[in-house]
Amino acid sequence: MIGKPFVLLLAIALAAGSSSLLAQSLNSGLRGPTPLNEEGPAPPMTPMRNTSEKEVRNYPEQPPVIPHSVEGYQIDINGNKCLSCHARARTGESNAPMVSITHFMDRDGQFLSTVSPRRFFCTSCHVPQNVVKAPIANDFIDVDTLISRATPGGRR
Amino acid sequence: MSAVDPSTPRPSWLARLWNFIVELWGVLRRPSSVFGLGALVFAGFVAGVIFWGGFNTALEITNTEKFCTGCHEMKDNVFAELKSTAHFSNRSGVRASCPDCHVPHNWTDKIARKMQASKEVWGHLFGTIDTREKFKDHRLELALHEWARLKANDSLECRNCHSSESMDITKQSPRASVAHQRFLFTSEKTCIDCHKGIAHQLPDMKGVPGWQ
Chain A
177 MIGKPFVLLL
187 AIALAAGSSS
197 LLAQSLNSGL
207 RGPTPLNEEG
217 PAPPMTPMRN
227 TSEKEVRNYP
237 EQPPVIPHSV
247 EGYQIDINGN
257 KCLSCHARAR
267 TGESNAPMVS
277 ITHFMDRDGQ
287 FLSTVSPRRF
297 FCTSCHVPQN
307 VVKAPIANDF
317 IDVDTLISRA
327 TPGGRR
Chain B
5 MSAVDPSTPR
15 PSWLARLWNF
25 IVELWGVLRR
35 PSSVFGLGAL
45 VFAGFVAGVI
55 FWGGFNTALE
65 ITNTEKFCTG
75 CHEMKDNVFA
85 ELKSTAHFSN
95 RSGVRASCPD
105 CHVPHNWTDK
115 IARKMQASKE
125 VWGHLFGTID
135 TREKFKDHRL
145 ELALHEWARL
155 KANDSLECRN
165 CHSSESMDIT
175 KQSPRASVAH
185 QRFLFTSEKT
195 CIDCHKGIAH
205 QLPDMKGVPG
215 WQ
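In order, the protein sequences belong to chains A and B.
Quick note: my numbering has the first sequence finishing at residue 332, numbered continuously throughout.
Quick note: my numbering has the second sequence finishing at residue 216, numbered continuously throughout.
In isolation and in its complexed conformation, chain A is listed as follows (with noise of 0.2 Å):
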């Protein structure tokens, strides 16, 4: 039998536990300290990055990142504001870099005389940066540093 102190003991350590358990602050970096079962204020929101410094992609199939602003660009049955910028005809004028060949491929890799429908949504690949200190750190290695690493005297 297990006597009544020692019942009373466990509910008190329980108790205790669950408590400080509660009282903890999980710090998940973009939430913040706001505790679990709390909503916390909206960060505020920042401008979007408009430097047109080409951004380094982190590995060759990567959607480049839309290094300006693409504030108001209409994308939809309409139109393509995107597309009035980087298609083929068009850049000349605008001096953007042109949709790579791919954006031209069916799924069945053939290529066709305008852009693909599938590739038509832009911004469901490439996204605009915003002006903000990250949240959360970010510890990534590229393809070239771990190739690097393991050869003698290579990048660490």
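Quick caveat, the hints were computed from the structure, so don't treat them as lab data.
Note that the structure is predicted; figures quoted are calculated from it, not measured.
Treat the hints with care, as some may be off.
Below are the DSS-like pairs computed for lysine-lysine, each with C-alpha atoms no more than 27 Å apart in a straight line [unchecked claim]:
(1) A:257 / B:155
(2) A:257 / B:79
(3) A:257 / B:193
(4) B:140 / B:70
(5) A:257 / B:175
(6) B:87 / A:257
A short, non-exhaustive set of chain B residues, derived as facing chain A with CB atoms under 8 Å [what the hints assert, rightly or not]:
(7) 179
(8) 209
(9) 215
C-beta: ideal position from N, C-alpha, C; glycine also.
Add chain B to chain A, keeping to what the hints say.
Quick look at chain B alone, frame taken from chain A:
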């Protein structure tokens, strides 16, 4: 008028009207014996001011965002779309309203535009764009009119607020400063050539030069 002789038949109303006009003309031709010339000129001046002012006031009333959005065709479509753009709310708090972009500030141009706009009342009465669907069907046509107008006047309305002379390209974004230096400052293109759809959503752009 002389007293009516009961023996002669009553003249027809047409004849009486004619008599009245002849008599009035006689009075108007006679030099005034009561008022001096100066007083008359002054009275004419005052009347002129009142008429001119009233005319202009009527124009001013029809020149407000409130008036334009009084019609649901304008309110539910173009006005609703304007609200999310930089011309409705921005960091400097300066707002462009409908007439700023759609009615020339120059007076003669303004009258010309008003005459043209009478067809909108017609359109309203007959419901040419009274549903969102009908509006979308007509949208390209309406937009083409606006583009043609802005192209013809070298984007006068835009330039009423933005002037290329006072643009500081060093303060502009890289894409803007390159494009403006190359095409705007050389007068090769005008604002509306590059800035379509800045205030409302675009119509179906298939076939519009530069779009696909």
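Structure-based check of all given hints:
1. A hinted pair counts as satisfied when its Cα atoms are at most 27 Å apart, and residue 257 of chain A with residue 155 of chain B qualifies at roughly 20 Å.
2. A distance of roughly 25 Å separates the Cα atoms of residue 257 of chain A and residue 79 of chain B; the hinted pair therefore holds under the 27 Å criterion.
3. Between residue 257 of chain A and residue 193 of chain B, the direct Cα distance comes to roughly 18 Å. Compliance with the 27 Å bound is thereby established for this hinted pair.
4. Our distance criterion of 27 Å between C-alpha atoms is met by residue 140 of chain B and residue 70 of chain B, whose separation comes to about 23 Å.
5. For the hint pairing residue 257 of chain A with residue 175 of chain B, the CA-to-CA distance comes to about 24 Å; that is within 27 Å, so the pair holds.
6. Note on residue 87 of chain B and residue 257 of chain A: the hinted pairing holds, with a Cα-Cα distance of about 19 Å set against a maximum of 27 Å.
7. A hinted interface residue such as residue 179 of chain B counts as satisfied when its beta carbon comes closer than 8 Å to some beta carbon of chain A; here the least separation is about 6 Å, so the hint holds.
8. Evaluation of the residue 209 of chain B hint against chain A yields a held restraint, the C-beta minimum of about 3 Å falling below 8 Å.
9. Evaluation of the residue 215 of chain B hint against chain A yields a held restraint, the C-beta minimum of about 5 Å falling below 8 Å.
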